[in-house]
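**Student:** Letter by letter, the chains look like this.
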Amino acid sequence: MATRKSVRRASGTKKPKARSVSKEPVATQYLLPAGTKAPDFTLKSAPDQSLSLSDFRGRPVILAFYPADWSPTCGDQLALYNEVLPEFQRYNAELIGISVDGAWCHAAYTKARNLHFPLLADFEPKGAVAKTYGTYTPSAGMSGRALFVLDGKGTIRWSYLSPMDVNPGADGILAALESLGRDGRPATQPPAAGAPAKHRAGAPSARPAARTEAPEAR
Amino acid sequence: MSRLTPPPSARDHAHGPADAPVTLVEYGDYECPYCGAAYPVVKALQHRFGNRLRFIFRNFPLTQVHPHAAHAAEAAEAAADAGKFWEMHDAIFEHQGAITDHDLAGYAAHAGIDPAVITGALAAHTYAPRVREDFMSGVRSGVSGTPSFFINGQKYDGGYDAGSLGEAILAATGGQNRE
Chain F
1 MATRKSVRRA
11 SGTKKPKARS
21 VSKEPVATQY
31 LLPAGTKAPD
41 FTLKSAPDQS
51 LSLSDFRGRP
61 VILAFYPADW
71 SPTCGDQLAL
81 YNEVLPEFQR
91 YNAELIGISV
101 DGAWCHAAYT
111 KARNLHFPLL
121 ADFEPKGAVA
131 KTYGTYTPSA
141 GMSGRALFVL
151 DGKGTIRWSY
161 LSPMDVNPGA
171 DGILAALESL
181 GRDGRPATQP
191 PAAGAPAKHR
201 AGAPSARPAA
211 RTEAPEAR
Chain H
1 MSRLTPPPSA
11 RDHAHGPADA
21 PVTLVEYGDY
31 ECPYCGAAYP
41 VVKALQHRFG
51 NRLRFIFRNF
61 PLTQVHPHAA
71 HAAEAAEAAA
81 DAGKFWEMHD
91 AIFEHQGAIT
101 DHDLAGYAAH
111 AGIDPAVITG
121 ALAAHTYAPR
131 VREDFMSGVR
141 SGVSGTPSFF
151 INGQKYDGGY
161 DAGSLGEAIL
171 AATGGQNRE
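Heads up: the protein sequence lines correspond to chains F and H, in order.
Counting from 1, one number per residue, gives the positions in the first sequence under this note's numbering.
Counting from 1, one number per residue, gives the positions in the second sequence under this note's numbering.
Next comes chain H alone, as it looks inside the complex (with noise of 0.2 angstroms):
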């Protein structure tokens, strides 16, 4: 199985507690549809496992085949640093439609961070190396597309309904639904 490198870090967006059983990190594209059906999924999994589970998202975007992942994933960087990376996260995947860079300032001045800080950030690829850091690790941790999975740092290879994606985590758990 291929293992997920490096390992989660303070570096890492979290949410849920570092001492939680079960990580689950995703590599993911804000602009891949795939990622956006996973989307739903993961948050009725936060909701079912509470406490148990911590979840983290990594950068994986296919610049080449989606015009607006570099950006998209940028901007939720930058928003990371005003302490707003899961309001900006939810709020893209919510909207994947409408990701251009003004819609990405206008999902950030929802947040409320100046819009400027974002379209600041964007022009200047500010956090672009960040991003391809992202998803070099992908790479080497053996992510061929989004979204993929680990579990526990184990690569998870199954569907990502939330039947079969909440199993792996059950198993991991070792069967304890909520705390």
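The shape of chain F in the complex, shown without the other chains (with noise of 0.2 angstroms):
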């Protein structure tokens, strides 16, 4: 099993070590830093539905794009976040998972993993908006395992990129979302009474940031 810390990479206010962390494919751009706006984007949710990101504007958004649909890490992955839906909820911020299969596989995975959040189809041209955010992995024609955390206002708050076999968990989301406040802005003085004191203080990419200072690099 890989080890998580040693080859998770991340974009706080740093930028990204360029140098390969991982036997799997990673992305060969960076990925969108903490700090740009989102760029916008409209994509298949259902074989006759679309969305789009400037529906969300106002709250925050969780972006998860993933390899595939149907594969084991990220069946886990998607059955642990929905599991963890109603905590996003909290914090009023919306769960979106993004991967190049279509809005029809999306729909019978959905079905059959009981899921809660939607699925874009990244499909035609596929990839196109994985691209735009630095995910897309050619050698795999498909994107990496990376999330976005994007404010009320529709910029990265937190970017993060994880091998294509590892499971990134849903701590680095949690964290993001209590830097931004109730409300998706950013937190200019505490959150609401509730939240764990730890995630208080600092920058919203003040945890990224330090995962970035991967064990070998020191």
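Please note that the accuracy of each hint is not assured.
What the hints assert, rightly or not - Non-contacting residues of chain H with respect to chain F, defined by C-beta distances greater than 10 angstroms in every case (computed): (1) Gly16; (2) Asp19; (3) Glu26; (4) Val41; (5) Gly97; (6) Asp103; (7) Pro115; (8) Thr126; (9) Gly142.
As the list claims (entries may be wrong) - Taking CB as the label site, the calculated pair distances span: (10) F/Asn114 - H/Ala37: 15 to 25 angstroms; (11) H/His95 - F/Thr155: 45 to 55 angstroms; (12) F/Pro138 - H/Ser9: 43 to 53 angstroms; (13) H/His95 - F/Asn114: 19 to 29 angstroms.
Stated by the list, open to error - Partial list, computed: chain F residues near chain H (C-beta under 7 angstroms): (14) Pro72; (15) Asp76; (16) Ala79; (17) Glu83; (18) Val84; (19) Leu85; (20) Gln89; (21) Asn167; (22) Asp171.
Note that these hints are calculated values from the structure, not bench results.
Think of the CB as a built atom: it goes at the ideal place given N, C-alpha and C, for glycine as much as any other residue.
Relying on the hints, combine the two individually framed chains into one complex.
**Tutor:** Right, here's the structure in full:
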């Protein structure tokens, strides 16, 4: 099993280090970093429905790019997020999954796994949105496993790329949401009571930036 | 490395002495086949390390994938209030293919618990908040799937065969197999 922390790569306020960190194919471009305006897009959320990122303006958005429906790690990751969903909703955040699979594939996968959040089809032109966000992996023909947390103004506050075969978990997403405050605006004062104190201080990118300090890089 | 948050406390279901040099914490799902595979491994390691190992089980049910996982977890928590957590935990993992509410009540009866206590707790979701608390503590601690293990508070990312997990525990004991 891969040791997660040594292979993780994140972009906070720092630019990610340009080095190969995994045998698995990784995105050849840098992820859009924190502070960048998230490019808008419109993709199919069902065979007869589309969804635009701008529809969610005013609320935090979690974009979860993943390689493919049905592959084992994706299943675990999306199953985990499906389970954590009520926690994301406490921050009024919308979770959106994106892969290059088509809308019919997403529909079957959503039904089979009982998913309660939209999966968008970055299908035609293939991977166009993934390319915009810097998550596309040409050698694999799929998006890498990348996470973005956007604030209510549509600005990326946290982004993170995990190796293809490693489930990144949800702790980084929750820490990023906490740093935004409940309404999706940057927290200028401590969040409402109930939020764990350890995540209150510091810039939104404080924790992810710390993660870029992989042990072997020290 | 991800740290276990919160650390072990009296709230946890623990097997083994509180002052054992190694505490192994598992986040598990009673309906997960991989957790079922890990169950005899943990048993063997408890036997191997004896009083040098404390084992703690926390709930991490993926309820949308495993339809019986939430009730199994709640039933084990209900059994804990009757002082029979490990009896229930073991019975469920030893019969992973049969964990309907009816089955769970049967395992409770076998452990000497009034099955009505279990069915009542399941109907009232008495222990659902406690199970969710465990789940969220796992999420916060970096658990992304089951089973996930922590050795003395550090997330363990190696394999969970008896060899790999045993080596990691042995290293944490400082090399002593048994007292």
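**Student:** Each of the hints needs a verdict: does it hold here or not?
**Tutor:** Each hint tested on the structure:
In this structure H/Gly16 is separated from chain F by more than 10 angstroms, as the shortest Cβ-Cβ distance comes to about 26 angstroms. Its beta-carbon lying about 27 angstroms from the closest one in chain F, H/Asp19 satisfies the requirement of being farther than 10 angstroms from that chain. With a cut of 10 angstroms on Cβ distances, H/Glu26 stays outside the contact zone with chain F, its closest approach being about 16 angstroms. Under the 10 angstroms C-beta cut-off, the non-interface status given to H/Val41 relative to chain F holds; the minimum distance is some 15 angstroms.
At roughly 20 angstroms from the closest C-beta of chain F, the C-beta of H/Gly97 stays outside 10 angstroms, upholding its exclusion from the interface. Taking the minimum C-beta to C-beta distance to chain F, about 22 angstroms, the non-interface status of H/Asp103 holds against the 10 angstroms cut. With a minimum CB-CB distance of about 28 angstroms to chain F, H/Pro115 clears the 10 angstroms threshold, and the non-interface call stands. Listed as outside the interface, H/Thr126 is consistent with that label: its C-beta sits roughly 19 angstroms from the nearest C-beta of chain F, beyond the 10 angstroms cut-off.
Not every CB of chain F lies more than 10 angstroms from the CB of H/Gly142, the least distance being 5 angstroms, so the non-interface label is violated. Between F/Asn114 and H/Ala37 the beta carbon distance is about 24 angstroms. The supplied range of 15 to 25 angstroms therefore holds. Our hint of 45 to 55 angstroms for H/His95 and F/Thr155 holds, since their Cβ atoms are close to 51 angstroms apart. Take F/Pro138 and H/Ser9: their Cβ atoms lie about 49 angstroms apart, and the range 43 to 53 angstroms holds.
Taking 19 to 29 angstroms as the suggested C-beta distance range, the pair H/His95 and F/Asn114 conforms, at roughly 24 angstroms. At about 10 angstroms, the closest approach between the beta carbon of F/Pro72 and any beta carbon in chain H exceeds 7 angstroms, and the interface hint on this residue is violated. The beta carbon of F/Asp76 is positioned within 7 angstroms of a beta carbon in chain H (closest approach about 5 angstroms), and the interface hint is therefore held. Here the hint on F/Ala79 is kept, as its CB sits about 5 angstroms from the closest CB of chain H, short of 7 angstroms.
This hint holds: F/Glu83 has a C-beta 6 angstroms from the nearest C-beta of chain H, less than the 7 angstroms allowed. With its C-beta approaching chain H no nearer than about 6 angstroms, F/Val84 sits inside the 7 angstroms limit, and its interface hint holds. Violation of the interface hint for F/Leu85 is found here, the shortest Cβ-Cβ separation to chain H being roughly 9 angstroms, above the 7 angstroms cut-off. For F/Gln89, the interface hint is violated, since its Cβ never comes within 7 angstroms of a Cβ in chain H; the closest pair sits about 13 angstroms apart.
Given the 7 angstroms rule on beta carbons, the hint for F/Asn167 holds: about 4 angstroms separates it from the nearest Cβ of chain H. The restraint placing F/Asp171 at the interface with chain H holds, with a minimum CB-CB distance near 5 angstroms, inside the 7 angstroms limit.
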